[in-house]
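Visitor: The listed protein sequences derive, respectively, from chains A and B.
Residue numbering for the first sequence follows our numbering, beginning at 289 and increasing consecutively.
Residue numbering for the second sequence follows our numbering, beginning at -1 and increasing consecutively.
A couple of the hints might just be wrong.
Below, simulated DSS-like cross-link-like pairs (lysine-lysine); rule was C-alpha separation at most 25 Å, straight line [what the hints assert, rightly or not]:
| no. | chain 1 | residue 1 | chain 2 | residue 2 |
| --- | --- | --- | --- | --- |
| 1 | A | Lys325 | A | Lys312 |
| 2 | B | Lys575 | B | Lys251 |
| 3 | B | Lys121 | B | Lys100 |
| 4 | B | Lys491 | B | Lys551 |
| 5 | B | Lys12 | B | Lys389 |
| 6 | B | Lys38 | B | Lys121 |
| 7 | A | Lys312 | B | Lys100 |
| 8 | B | Lys65 | B | Lys182 |
| 9 | A | Lys325 | B | Lys575 |
| 10 | B | Lys121 | A | Lys325 |
| 11 | A | Lys312 | B | Lys491 |
| 12 | B | Lys205 | B | Lys249 |
| 13 | B | Lys61 | B | Lys121 |
| 14 | B | Lys12 | A | Lys312 |
| 15 | B | Lys100 | B | Lys38 |
| 16 | B | Lys575 | B | Lys249 |
| 17 | A | Lys312 | B | Lys182 |
| 18 | B | Lys61 | B | Lys249 |
If you're looking for bench data, these hints aren't it; they were derived computationally from the structure.
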Amino acid sequence: MLTRTVTIQNRAGLHTRPAAAIVKTAARFQAEFTIIKDEFEINGKSIIGVMTLAAERGSTLELRFDGPDEEQAATAVVELFERGFDEE
Amino acid sequence: MDNVQIHGREITIKGIAAAPGIAVGPSYTYSKQIIRAEMKPIEAAEVSSEIERLRGAVARSQKELEKIVAFAQEKLDPDDTKILEAQIMILDDAILMGTIEKRIAAELRNAEFVVFDEISKYKRLMLSAPDEYMHERAHDVDDVMNRIIRNIQDQKLVSKLEGEAVIVSETLTPADTIIFSRNKILGYATDTGGVTSHAAILSRSLKIPAVVGLRNVTRLVHPGDTLALDGYSGVVTINPTEETLQTLQRKAKRFREFEERLADIVGLAAETADHRHIELSANVEFDEELSFARQQGAAGVGLFRTEGQLFGRTGYPTEEELYATYRSATDVIFPNTVIFRVFDVGGDKIAPGSFHENNPFLGWRGIRVLLDRPDLFQTQLRAILRASDRKTVRIMLPMVSTVQEIRLAREALRTAMAELARRGVPHDSGIALGVMVETPAAALMAEEMASEVDFLSIGTNDLTQYIMAVDRDNLAVAPLYQQFNPAVLRAIKMIIDAGHRKACWVGMCGEMAGDPLATVMLVGLGLDEFSVIPSVLPEIKKIIRTVKFKEAKRVADRALGMSSEAEIREYLSSVIKNQIPELPLDM
Chain A
289 MLTRTVTIQN RAGLHTRPAA AIVKTAARFQ AEFTIIKDEF EINGKSIIGV MTLAAERGST
349 LELRFDGPDE EQAATAVVEL FERGFDEE
Chain B
-1 MDNVQIHGRE ITIKGIAAAP GIAVGPSYTY SKQIIRAEMK PIEAAEVSSE IERLRGAVAR
59 SQKELEKIVA FAQEKLDPDD TKILEAQIMI LDDAILMGTI EKRIAAELRN AEFVVFDEIS
119 KYKRLMLSAP DEYMHERAHD VDDVMNRIIR NIQDQKLVSK LEGEAVIVSE TLTPADTIIF
179 SRNKILGYAT DTGGVTSHAA ILSRSLKIPA VVGLRNVTRL VHPGDTLALD GYSGVVTINP
239 TEETLQTLQR KAKRFREFEE RLADIVGLAA ETADHRHIEL SANVEFDEEL SFARQQGAAG
299 VGLFRTEGQL FGRTGYPTEE ELYATYRSAT DVIFPNTVIF RVFDVGGDKI APGSFHENNP
359 FLGWRGIRVL LDRPDLFQTQ LRAILRASDR KTVRIMLPMV STVQEIRLAR EALRTAMAEL
419 ARRGVPHDSG IALGVMVETP AAALMAEEMA SEVDFLSIGT NDLTQYIMAV DRDNLAVAPL
479 YQQFNPAVLR AIKMIIDAGH RKACWVGMCG EMAGDPLATV MLVGLGLDEF SVIPSVLPEI
539 KKIIRTVKFK EAKRVADRAL GMSSEAEIRE YLSSVIKNQI PELPLDM
């Protein structure tokens, strides 16, 4: 299992595209993907869950990857956060 | 219930005008509570049939939404249909549906209850966020949930509605708004919502009058009551008297006739009858308003309020986040201009909770805050500069009171450009910088300020407040808040003349720019640009196109020679009645 920490940087929650981008990226991998914020744990492959988490912008999220391709999954998802979800 | 007035059977409720127009007709209360999801235990043998019911309901919900989207695309701006994307994506959420199916099997509970219980969790999370956008998203989630449950219960899609009606509801989702619009909907009245709620934006696009934020209309209205809805002033009247109805019908007729004539004006230039060109642009705060501004014929955005992005969050927005917002605005408006007013906030929005000012309106605000917080200012300037690449963008400084502040802001702009150049990021290095003139100090020093910048824009709301020394929210002195007081008008003339002496164009983005009573006078004073709320754009353009600059100058001279606001208002209203008798002035 791998854990990463990221900060939501874009105007998330405003539109569904960032959430869709996360889910789509995570779906390419077998690894289970969990997003943890405060006491909430959300399945990162679920659009409704990710939309909910985007509620608080500027907040820090813990990402947990668990599975045979967890290394690749973590790299791809973290990179997506860092690129601001390709919103430009 | 200070927004409610009762006179016998007639009840008047004040809300927020969300979409213009007047509607009179029977009320139809649309209640969302009809969807109930009681918990019922099921047998293990029933699990697979229960899951089949769920899947069938999800498939039907998908079909319904696809129909709504197809209908919406026909009738609306394609941008407006994006509002429904979220709902379609939730129906496609394999994890969510998988969880619901697993819970049905494991807990041996009926499908509608598990759908309700599972999706409600997310709704509660969204409602607990301190962010209005997330609250709107919660409505989307609610809508999807009710749609699935209704389909599980095999109920038909709403509408028992027959004939014409004014829809009364606690809240409306975009999908409701669109579905109802297929029936004979006269108007919408809702308890919740603001002018920026998606339902409000859609009703404007659909040209259905709407009043939102009425707080208690669903409780006050009874089945069969007649409703009169005034989407110009944001007032709903239950059981209107004959007299009220006649007044409203006259108003409706005047506006209708006027609007018919305005329809062809949208594509015409904003110029006087003797061909003096006026820049007519829109004041905008939310991305969603941009397409409406464009539809209304705005030449550009004369005031883009940026401070909304600072609220309801922890920490400041990043450069990327701001850039994304600014870029999408410039993309929509290009080749026209967007004027970004840099963050105009009071110190209480920036400093920790303990920060307190005895007199915030005379305190740490606007440019004063930004010059003291270079990190925040630099981040925003870089984001605006990046959005200016190959676009027409201008920057406006709020709450300026000294020339020195302009010089410091100019210096900050140079620093931001140097940083971008170092990073190799393209931007408009000749970007125009302007001052929002809203303090008496800036008005008095307008000429010196004009020689430091490319444009001036008059902010009449604050300018009136500071010149008259009146807080307009203070009821004890509110009557002294006089936008047409000669003192304010003389300041406006002074600013325009000072700007022109330094070859600086002068605009106005305060409320007065959108007040039809002021238009002729402002044209006569030589104002170069009017920036107004999108809904009044065609009306202001009509007035501009009707008058001659020469006559307008005479009107301005005469008004400026008067010594009281009452006199000036009376004179200007006689002028406008003369020029455009059909203009429905709301006074």
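Visitor: Take the hints in turn and mark each one as holding or not.
Guide: Do the hints match the structure? See the list:
With a C-alpha separation of about 20 Å, the suggested pair lysine 325 (chain A) and lysine 312 (chain A) falls inside the 25 Å cut-off, and the hint holds. Distance hint between lysine 575 (chain B) and lysine 251 (chain B) is fulfilled; the C-alpha atoms sit about 17 Å from each other, no more than 25 Å. Proposed proximity of lysine 121 (chain B) and lysine 100 (chain B) is supported: the alpha carbons are some 20 Å apart, at most 25 Å. Taken as a hint, the lysine 491 (chain B) and lysine 551 (chain B) pair is honoured in the structure, with Cα atoms around 11 Å apart against an allowance of 25 Å.
Proximity of lysine 12 (chain B) to lysine 389 (chain B) is assessed by CA-CA distance (about 42 Å); at most 25 Å being required, the pair is judged violated. Pair hint lysine 38 (chain B) plus lysine 121 (chain B) holds up; C-alpha atoms about 22 Å apart against a cutoff of 25 Å. Of the supplied pair hints, the one linking lysine 312 (chain A) and lysine 100 (chain B) holds, its CA atoms being roughly 23 Å apart against a limit of 25 Å. Taking the CA atoms of lysine 65 (chain B) and lysine 182 (chain B), the gap is about 18 Å. The hint holds against a cut of 25 Å.
Between the alpha carbons of lysine 325 (chain A) and lysine 575 (chain B) the distance comes to roughly 61 Å, so the proposed pair goes past 25 Å and is violated. Between lysine 121 (chain B) and lysine 325 (chain A) the CA atoms are separated by roughly 16 Å; this keeps the pair inside 25 Å, and the hint holds. A C-alpha spacing of about 58 Å is found between lysine 312 (chain A) and lysine 491 (chain B), which places the hinted pair above 25 Å, so the restraint is violated. Distance restraint check for lysine 205 (chain B) and lysine 249 (chain B): the Cα-Cα separation of roughly 17 Å lies within the 25 Å cut-off, and the hinted pair is therefore satisfied.
Between lysine 61 (chain B) and lysine 121 (chain B) the alpha-carbon distance is near 23 Å, which keeps this suggested pair within the 25 Å criterion. At most 25 Å may separate the alpha-carbon atoms for a hinted pair to count; lysine 12 (chain B) and lysine 312 (chain A) exceed this at roughly 46 Å. With a C-alpha separation of about 16 Å, the suggested pairing of lysine 100 (chain B) with lysine 38 (chain B) holds against the 25 Å cut-off. Pair hint lysine 575 (chain B) plus lysine 249 (chain B) holds up; C-alpha atoms about 15 Å apart against a cutoff of 25 Å.
Our distance criterion of 25 Å between C-alpha atoms is broken by lysine 312 (chain A) and lysine 182 (chain B), whose separation comes to about 41 Å. Of the supplied pair hints, the one linking lysine 61 (chain B) and lysine 249 (chain B) is violated, its CA atoms being roughly 42 Å apart against a limit of 25 Å.
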